[in-house]
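Undergrad: Protein sequence lines correspond, in order, to chains A and B.
Here the first sequence stands for residues 1 to 192, where the numbers follow our numbering.
Here the second sequence stands for residues 1 to 159, where the numbers follow our numbering.
It is possible that part of the hints are untrue.
Unchecked claim - Below are the DSBU-like pairs computed for lysine-lysine, each with C-alpha atoms no more than 30 Å apart in a straight line: (1) A:125 / B:54; (2) A:184 / B:23; (3) A:89 / B:83; (4) B:70 / A:184; (5) B:70 / A:87; (6) A:21 / B:83; (7) A:161 / B:54; (8) A:161 / B:8; (9) B:8 / A:184; (10) B:8 / A:183; (11) B:54 / A:21; (12) A:61 / A:87; (13) B:83 / B:70; (14) B:70 / A:21.
Hints listed in this document are in silico derivations from the structure and should not be mistaken for laboratory results.
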Amino acid sequence: MFVNEHDLIRELQAGNQTAFKELFDSFSPQVFNVAYRMLQNKQDAEDVTQEVFFQAYNSLKHFRAESQISTWLYRIAVNRSLNHRRKSKLTRWLSLDFGESEDDTDDSGFIGPTEDGPDVVIERKDTERIVQEAINSLPDQQRIAILLHRYEGLPYEEISKIMCVTVASVESRLHRAKVTLAKKLLPYKDEL
Amino acid sequence: MHIDIQEKLLLYLDGDLPDEEMKKIRAHLATCSLCMEHHDALAAIWQPERSPGKVTPSPFLWTRLQARIKEYEQTPAFVWDLKRSLQGITARPVSALAVLAAIVAGIYLGTPRVSQNYEMTQSINQLVGASDDLGLNQFDVIPPGTLGSTLITTSTVQK
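Just chain A, with the same shape it has in the complex (with noise of 0.2 Å):
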């Protein structure tokens, strides 16, 4: 176990197989919830956490430790969720489904564990699902945004640093985006 981040980083840039596991312990729930929530899928969410991972581990030795490890990998986390969405669209244009989304959207993991009863669970689920659509079509920018906030619960400076602007800028995409969420859900205020 290493007690600081200073140490870890030196340990894993020596090569130290049990310091990258640990890394991979740590940081791997916070990858692959990002993943997650902008791509909707669990399959999908686990490559792009693969593929987040074997990106680190190659350039483990050329991080410059200018920003926190949590903060570098959100960074390729969402880098590499917007590609990976990027290829599945184009995917999906080139083999003419231009249909639904084929993403198998598992929602089991969405709420967690809860003494409610089914109904309240399902209720949950749902208005859970409205919100999650919502957030879906706002542009990227405000969108990654508010799901590295309200669901990472990161503060505006690391998501600054995550999406590489200023911190008035994180600010004014959250407050736009709130904005277009309330116009939104509003229609659906009798199902909430």
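Given the structure of chain A, go ahead and fit chain B onto it with the hints provided.
TA: Showing chain B alone in chain A's frame:
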């Protein structure tokens, strides 16, 4: 007024607005039951504790990653470099060639066959010339449907 307030309800719930605007919205909500209804509906889903739980990846993800890294390390570096460079080299030229081929095909299919018409006209002229030389156009009666009738007709039209 109501629309302005309703659009800002998520910002209000997160406390992302300036103090003055927060006060303004609070005052409006105290008097407007419609906007308050919207506020309550959004508040019910936007609370942090209502946000969905984390999704967990497959326990085999680490094994898959290890297998991939092992394969990478067992393959000579030049093979990966070659693969990577080939991907970069081939992707754009292949796309460019495909576009070029489509343009050429479009031009070819869209161009009228001038040369074929020209060759056909030339052949007819030659035949007309030959019929004149042979004196075929001197006959008064040419059986219909024969080569002679075609040549005479064409020759008359040409002249």
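Undergrad: State for each hint whether it applies.
TA: Each hint, compared with the structure:
1. A:125 / B:54: Judged against 30 Å, a Cα distance of about 14 Å means the pair holds.
2. A:184 / B:23: holds, 24 Å
3. A:89 / B:83: holds, 24 Å
4. B:70 / A:184: At roughly 47 Å apart (the allowed maximum being 30 Å), residue 184 (chain A) and residue 70 (chain B) break the hint.
5. B:70 / A:87: holds, 26 Å
6. A:21 / B:83: holds, 27 Å
7. A:161 / B:54: holds, 23 Å
8. A:161 / B:8: holds, 27 Å
9. B:8 / A:184: At roughly 12 Å apart (the allowed maximum being 30 Å), residue 184 (chain A) and residue 8 (chain B) satisfy the hint.
10. B:8 / A:183: holds, 9 Å
11. B:54 / A:21: Holds: residue 54 (chain B) and residue 21 (chain A) sit about 21 Å apart, inside 30 Å.
12. A:61 / A:87: holds, 29 Å
13. B:83 / B:70: Holds, because 17 Å separates the two Cα atoms, which is no more than 30 Å.
14. B:70 / A:21: Holds: residue 70 (chain B) and residue 21 (chain A) sit about 14 Å apart, inside 30 Å.
Going down the numbered hints, you'll see the structure goes against just number 4.
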